[in-house]
Amino acid sequence: MMPRYFLLLLFLPPVAMANLVVVANAPVQIRLRVGATAATITTTTVTVAGGNVGNSAVQLMTANAAARGGSLCAANHVFFNAEARAAPPGSRTATLTANSTAGLACITAATCGADNIPFTQVGWVNTAPGGYAPVTIANGTFTNGGAQVLLAFNNSNQSQDCLRFRYLNQNVVRAGTYRGDVIYTLSMP
Amino acid sequence: MMRALLLALVWTLAALPAAADVLQYRSVIRAETAVTPKWTHDGANLSPEQINALVAEANGIELRFDLSRYVGKNVRIHMVLPPTLKGLRGSAGFRAEWRTRGRFIPGSVVPGGRTLVYQGPIPTKELTEVFDFTLHMDGRYFTGGLGFDPVFEIESLPQ
Numbered sequence: 596m597m598p599r600y601f602l603l604l605l606f607l608p609p610v611a612m613a614n615l616v617v618v619a620n621a622p623v624q625i626r627l628r629v630g631a632t633a634a635t636i637t638t639t640t641v642t643v644a645g646g647n648v649g650n651s652a653v654q655l656m657t658a659n660a661a662a663r664g665g666s667l668c669a670a671n672h673v674f675f676n677a678e679a680r681a682a683p684p685g686s687r688t689a690t691l692t693a694n695s696t697a698g699l700a701c702i703t704a705a706t707c708g709a710d711n712i713p714f715t716q717v718g719w720v721n722t723a724p725g726g727y728a729p730v731t732i733a734n735g736t737f738t739n740g741g742a743q744v745l746l747a748f749n750n751s752n753q754s755q756d757c758l759r760f761r762y763l764n765q766n767v768v769r770a771g772t773y774r775g776d777v778i779y780t781l782s783m784p
Numbered sequence: 014m015m016r017a018l019l020l021a022l023v024w025t026l027a028a029l030p031a032a033a034d035v036l037q038y039r040s041v042i043r044a045e046t047a048v049t050p051k052w053t054h055d056g057a058n059l060s061p062e063q064i065n066a067l068v069a070e071a072n073g074i075e076l077r078f079d080l081s082r083y084v085g086k087n088v089r090i091h092m093v094l095p096p097t098l099k100g101l102r103g104s105a106g107f108r109a110e111w112r113t114r115g116r117f118i119p120g121s122v123v124p125g126g127r128t129l130v131y132q133g134p135i136p137t138k139e140l141t142e143v144f145d146f147t148l149h150m151d152g153r154y155f156t157g158g159l160g161f162d163p164v165f166e167i168e169s170l171p172q
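Order-wise, the sequence lines are chains W and E.
The first sequence lines up with residues 596 to 784 when you count with this note's numbering.
The second sequence lines up with residues 14 to 172 when you count with this note's numbering.
Take these hints with a grain of salt, some might be off.
Said to hold, decoys possible - Some but not every residue of chain W turned toward chain E, in silico, with C-beta under 7 Å: (1) L615; (2) Q624; (3) I625; (4) N676; (5) A682; (6) P684; (7) C701; (8) V730; (9) I732.
Keep in mind the hints are simulated off the structure, nothing from the lab.
Cβ coordinates follow ideal geometry from the N, Cα and C atoms, glycine included.
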């Protein structure tokens with residue numbers, strides 16, 4: 596009688612080895628500051644003398660001290676800080692846009708009625724503060740658009756800017772006070 | 014002359030510590046602890062390192078070490094990390110710090126590093142220590158799902 600041998604092969608599923616600690620993926624984070632902190636809307640203003648209205652002489656706008664980001668920006672500048680974080684680096688694009696469609700509406704109806712000055716009459720010059728700011732907002736003018744791109748950059752990065760706004764003063768408008776809001780949005784899909 | 018040289022060699026070898034062995038341990042409360050990192054720094058004027066800095070806390074990690082082979086011996090125990098960790102690009106961008114609540118020494122270690130955590134006699138066959146780990150990661154190297162799995166090496170010292 597021939598001896599018989601059985602060969603038994605067991606194939607067991609691989610066992611996942613536990614780590615002592617597992618660190619989950621980094622959270623996605625975006626932060627945007629425009630001017631003052633604590634949910635304050637920063638206002639820039641300019642008063643054009645009657646004889647200068649519409650003569651195309653640029654009028655520099657002023658801003659209060661709270662808009663400067665401490666000592667990061669010079670007087671009358673508005674501090675912008677846009678941060679976008681995720682891991683790994685370079686995997687996402689953050690975009691800062693401005694919505695200026697509303698224009699500057701007359702709020703003294705007795706003198707200027709329902710007139711509206713388009714935001715294309717407002718521009719800015721950027722003097723970025725020192726420190727690490729590899730991307731900055733270019734000098735420019737509002738387009739009156741709903742999503743004007745001011746900045747696009749890869750994570751994880753930070754843009755810091757000091758914008759001095761200016762009224763271009765190219766149109767003759769009726770005397771009065773005009774006011775408008777620009778809404779800035781930072782997104783990183 | 015030859016005998017003197019031989020004796021000197023034997024004495025030198027005896028004076029050297031024994032090679033390090035991997036020390037067996039287990040996590041008492043849970044086999045694996047999952048933590049979520051957060052970005053370390055907020056605010057303006059950050060450097061690239063600060064923008065990308067992540068930190069995660071893993072507190073109360075209780076480890077029990079099997080020291081049955083070393084009872085009564087004078088030993089040195091090191092925490093060792095391999096040069097590369099899962100979830101990390103390269104060997105940079107990670108540092109583990111720890112505080113302890115017992116006899117072990119607080120310290121820190123980086124990938125490829127080896128840090129002393131205990132030195133002295135072993136009184137019992139098991140020793141338990143609670144570690145509070147703070148894990149620092151650089152987001153420029155972090156690809157997510159990082160596994161922190163230190164090795165403990167033990168070596169006997171001359172009595």
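Okay, the hints, checked on the actual structure:
This hint holds: W/L615 has a C-beta 5 Å from the nearest C-beta of chain E, less than the 7 Å allowed. A least Cβ separation of about 6 Å between W/Q624 and chain E falls short of the 7 Å threshold, and the interface hint therefore holds. Taken as an interface hint, W/I625 does not check out: its beta carbon lies about 11 Å from the nearest beta carbon of chain E, beyond 7 Å. For W/N676, the shortest C-beta to C-beta distance to chain E is roughly 5 Å, which falls under 7 Å, so the interface hint holds.
A distance limit of 7 Å between C-beta atoms decides the matter here; for W/A682 the minimum to chain E is near 4 Å, and the interface restraint holds. Here the hint on W/P684 is kept, as its CB sits about 5 Å from the closest CB of chain E, short of 7 Å. Given hint, W/C701 at the interface with chain E, is violated; its Cβ is 36 Å from that chain's nearest Cβ, farther than 7 Å. For W/V730, the suggested interface contact is broken, since its CB lies about 12 Å from the closest CB of chain E, more than 7 Å.
Using the Cβ-Cβ criterion of 7 Å, the hint placing W/I732 at the interface with chain E is not satisfied: the shortest such distance is roughly 15 Å.
Violated hints for the displayed structure, listed by number in ascending order: 3, 7, 8, 9.
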